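**Q** Next come the chains, spelled out residue by residue.
Protein chains: 2
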Amino acid sequence: MNAKSNPHYQTLVNHFQSISHFEHLSALGDWDQATMMPMGGGEARGAAMAELAKHIHSLKTAPMLAQTISEADELPLTEQQKANLTEMRYQYLQANVVPSELVVAKTKAAYHCEHAWREQRSNNDWQGFKPNLENLMSLAKEEANIRAEAQNVSPYDALLDKFEPGMTTASLEQIFGNLKSWLPQLIQQVQDKQKSEASFTIPTASAESQARLGREIMNILDFDFNHGRLDISSHPFCGGVASDVRLTTRYDEGDFTSGLMGIVHETGHAKYEQGLPLAWRGQPAGLARSMALHESQSLFCEMQVGRGPAFLKLIEPYLSSLLGSQLTHDQLTNIYTRVTPGLIRVDADEVTYPCHILLRFEAEKALVSGELAVADLPEFWSSQMQSLLGINTDGDYKNGCMQDIHWAVGELGYFPSYTLGAMYAAQFRNAMECELGCMESLINSGKLSSVMGWLNDKIWSQGSLLSIDELMRQSTGETLNPEHFKKHLIGRYL
Amino acid sequence: MNAKSNPHYQTLVNHFQSISHFEHLSALGDWDQATMMPMGGGEARGAAMAELAKHIHSLKTAPMLAQTISEADELPLTEQQKANLTEMRYQYLQANVVPSELVVAKTKAAYHCEHAWREQRSNNDWQGFKPNLENLMSLAKEEANIRAEAQNVSPYDALLDKFEPGMTTASLEQIFGNLKSWLPQLIQQVQDKQKSEASFTIPTASAESQARLGREIMNILDFDFNHGRLDISSHPFCGGVASDVRLTTRYDEGDFTSGLMGIVHETGHAKYEQGLPLAWRGQPAGLARSMALHESQSLFCEMQVGRGPAFLKLIEPYLSSLLGSQLTHDQLTNIYTRVTPGLIRVDADEVTYPCHILLRFEAEKALVSGELAVADLPEFWSSQMQSLLGINTDGDYKNGCMQDIHWAVGELGYFPSYTLGAMYAAQFRNAMECELGCMESLINSGKLSSVMGWLNDKIWSQGSLLSIDELMRQSTGETLNPEHFKKHLIGRYL
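Protein chains in written order, with our numbering: chain A, 618 to 1111; chain B, 618 to 1111.
Chain A extracted, bound-state conformation:
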């Protein structure tokens, strides 16, 4: 199929290639803001990013698109080109729904809110943060309502769809409802089981030595440093573009273990990006399939691989040579499988983590529907934390509802992706083991690359060429099945 046989499709390919160039710059601006930019540069950067967002929005809503997409659909296309056209149409619809004034207003409010949040959070300054969040939430709700009307779904469903196309509140209520029915009890059982474990001291380690260690671990996971970097930011993330993936972490000199696993986690995201199909770079079909699938790759790396005994054994020599660690294998395993209800989502262990998501899911639903006012969020937070994890957060905004960046940038509907990702990851592992045998044995025998190879074949290299359900069926034989996650937790922790 060549350009001549479908000139409309070729026009679209060129147009979306342009969009991807501007999105490249947007990704760079975001990364720089979080890692390099001095505080005082924020205002001008915010204005530049808002202008860029407006321009990208205008390209995604170009008047010619609707007709050109229809015309392209009527001429010959390969299956993959059809998939690309489907993604183009999805992006067009997603962008076209929201008026550009709202996009600009929300981008500006988000920059302002996030910028202030960085300092407000460390000062536990809820009163300072609240008005910014209220402003941003009202814009986010406006967006949700507009999307909802256009897609004929509920406002919160419309937000979920941005990150996990096709996911609904109803499905999540079922999946999360089931989770809620057994997870708190499991947490209790695991804690009882772990009660007798002896405590020990984690050696201190400088940020520099942790960064050196991090790079070694990224090499073990075959991260391509010719197409990416590792830096420091206050909130770890994986950004940049597929050809230049920028991941970040933060280092606690008193406890290297969390920064280290942060790197393993973000490397999982990065591997997905670096593995996206080269032939489809710059096209919608060349992007990662969904945010939950993105999280599934980071969680596969961190939870399935990273916290397992074989991987820990693999990295132990680096811990002793680079950090002078004398932790035994059992102690390391203990650290990385210790279940302790805590305040902070990003520091949570694999078992209590979903509780943090259940809370946020309930909060977001209620914020969007208007049942919960921003002013009442801290109280809601504390009461949910008490019922899910037995922790009171009254007055502790910093480690409560101010801890995440998501709401501070006006992003609602993302949080469920984390737990959906954990479920997908367990499902991938199960399918992989059916094909390749026990993953722990593979890693033990030096075959971590076959594990990565399986993920590359089944997920990374597929980009968005398949629907989520089709990707899951082709890679695991079934659509999302949360049972694998339950089995994984029980198998590892009981």
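Accuracy of the hints is not assured; some may be wrong.
Note that identical chains are pooled: a pair holds if it fits in a single copy or bridges any two copies.
To be verified - Heads up, simulated DSSO-like pairs for lysine-lysine below, C-alpha to C-alpha not over 27 Å straight-line:
(1) K621 x K671
(2) K621 x K725
(3) K1104 x K747
(4) K779 x K725
(5) K677 x K725
(6) K677 x K797
(7) K725 x K671
(8) K779 x K1064
(9) K758 x K723
(10) K758 x K812
(11) K671 x K758
(12) K1015 x K699
(13) K779 x K723
(14) K930 x K1064
(15) K758 x K1015
(16) K747 x K758
(17) K797 x K810
None of these hints come from the bench; they were simulated from the model. Predicted, not measured: the structure shown is a model, and the values here were computed from it.
Knowing the structure of chain A, use the given hints to seat chain B on it.
**A** Chain B in isolation, oriented as in the chain A frame:
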């Protein structure tokens, strides 16, 4: 004067504000490419930056501009708004004169030529470089001819005007002709005088300790780290935007003195940017006045302040505490005022530097007029180097006519800015001393801030609100007067 009284002007303000937002992103992309980007990210970045350049060009040549500028000119404007409108018209004409096919052809040829030059230079491969340079020069001449016709000036004047609005070949011939009449003799005299100075060893210093030192020195110069950064790149530069100035240097662990003065130099550029008028940010009138004036600020910082005894005294304690240096004040002064004719422009001292510019000015004029063929450039170079600095460069292309990046990217007309900058700097110092008294005494008595304050008032905060001549008259009482530079050199070196 408000927006209602001149809506056309307001339209232009908004339009140029948009352009500045995209230029912000362009500056970020350039900085990142030179400091942070992994090699493998280059291709996608190049494509994104080309897309951005195309977009900025389309904004600068928007069809509505010609008429809107005329209409704005017919309605009430303040003096400063008039100055802004003048700059808008200048930018519009500069961008509009050259047909976009020629811009694209030259950009491509420049990319090809520069890319190959990097390797050709290190291989001393003149035969490989020559055809690329010939191709690029013929495009540069085409551009010069088109600009010349549109502006009704000579082709080389049109190129000079891109960097130093209003500067002409005739003026430069007079200024540089005068320089040529006394500089070679001065160099000889200084060398005779310095012959007897004893040699000594410069202590080694790690890149980390040099970076710490650099930041201390930047603090002394009152660089605003809330609006800027210091990083490493293979070629030092000052980039970013006024609200977030990114300067770079490189560290030679065997000789800290050049990296250190590189930081002082780039800080001079940065101070100009940081001092540009806040009220005019994002508007053409808020930009630095010209490239020669930009160089005047870096050279003021480096040559007038940085290499003077009072500043060296100020930084000596940092050299000993951070680098363990035991260099005496006399030795340090000796390092920073030693005059040695050499092959490389960027390594040249203050006295021999203008000779490198005289050579390039003559070469560019002759290349553009056609009197000199690219093939004859090496011979021309060697003969000029012999007559100006007594150095034969026959066969040494690498350290001869292939040493600079400027021609390899098709940039002609920039070189004179360096020496004009040195002259402006000396003239500023003279005027400042008439008002504030001896600068060395001011620095000695802890009043470096009054020096910086004077520059801020007279130059930085003026942006492009005054013409170059008017700026010079208001700050120094006269237009460019090269005599001050001559007096400075004689005063410092004889």
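**Q** For the identical chains here, do K797 and K810 meet the 27 Å Cα criterion within one copy, between copies, both, or neither?
**A** The answer is within: 20 Å in one copy meets 27 Å, while 87 Å across copies does not.
**Q** If the cut is 27 Å between Cα atoms, do K779 and K1064 qualify within a copy, between copies, both or neither?
**A** Cα proximity of K779 and K1064: none, with 36 Å in one copy and 58 Å across.
**Q** Taking 27 Å as the upper bound on the Cα-Cα distance, should K747 and K758 be classified as within, between, both, or neither?
**A** Cα proximity of K747 and K758: one copy only (16 Å, versus 61 Å across).
**Q** Quick one: K930 to K1064, C-alpha cut-off 27 Å, is that within a copy, between copies, both, or neither?
**A** within (14 Å within a copy, 61 Å between copies)
**Q** Could you figure out if K677 and K725 sit no more than 27 Å apart (CA to CA) within one copy, between two copies, both or neither?
**A** This pair counts as both: shortest intra-copy Cα distance 19 Å, inter-copy 25 Å.
**Q** Between the shortest in-copy and the shortest cross-copy C-alpha distance, which are at most 27 Å for K671 and K758: within, between, both, or neither?
**A** Within. Shortest intra-copy distance 19 Å satisfies the 27 Å Cα cut-off; inter-copy 36 Å does not.
**Q** With identical chains, the pair K725 and K671 could be close in the same copy or across copies; at 27 Å between alpha carbons, which is it: within, between, both, or neither?
**A** both (11 Å within a copy, 26 Å between copies)
**Q** Reference check for the pair K758 and K812, CA-CA at most 27 Å: within, between, both, or neither?
**A** neither (44 Å within a copy, 77 Å between copies)
**Q** Which holds for K677 with K797 at a C-alpha limit of 27 Å: within a copy, between copies, both or neither?
**A** Result: close neither inside a copy nor across copies, 40 Å intra and 58 Å inter.
**Q** Please sort K1015 with K699 into within, between, both or neither, judging by C-alpha distance up to 27 Å.
**A** neither (47 Å within a copy, 50 Å between copies)
**Q** When no copy is named, should K1104 and K747 be tagged within, between, both, or neither for a Cα gap of at most 27 Å?
**A** This pair counts as neither: shortest intra-copy Cα distance 40 Å, inter-copy 62 Å.
**Q** Measure nothing new, just compare the shortest in-copy and cross-copy C-alpha distances for K779 and K725 to 27 Å and report within, between, both or neither.
**A** within (20 Å within a copy, 35 Å between copies)
Violated hints for the displayed structure, listed by number in ascending order: 3, 6, 8, 10, 12.
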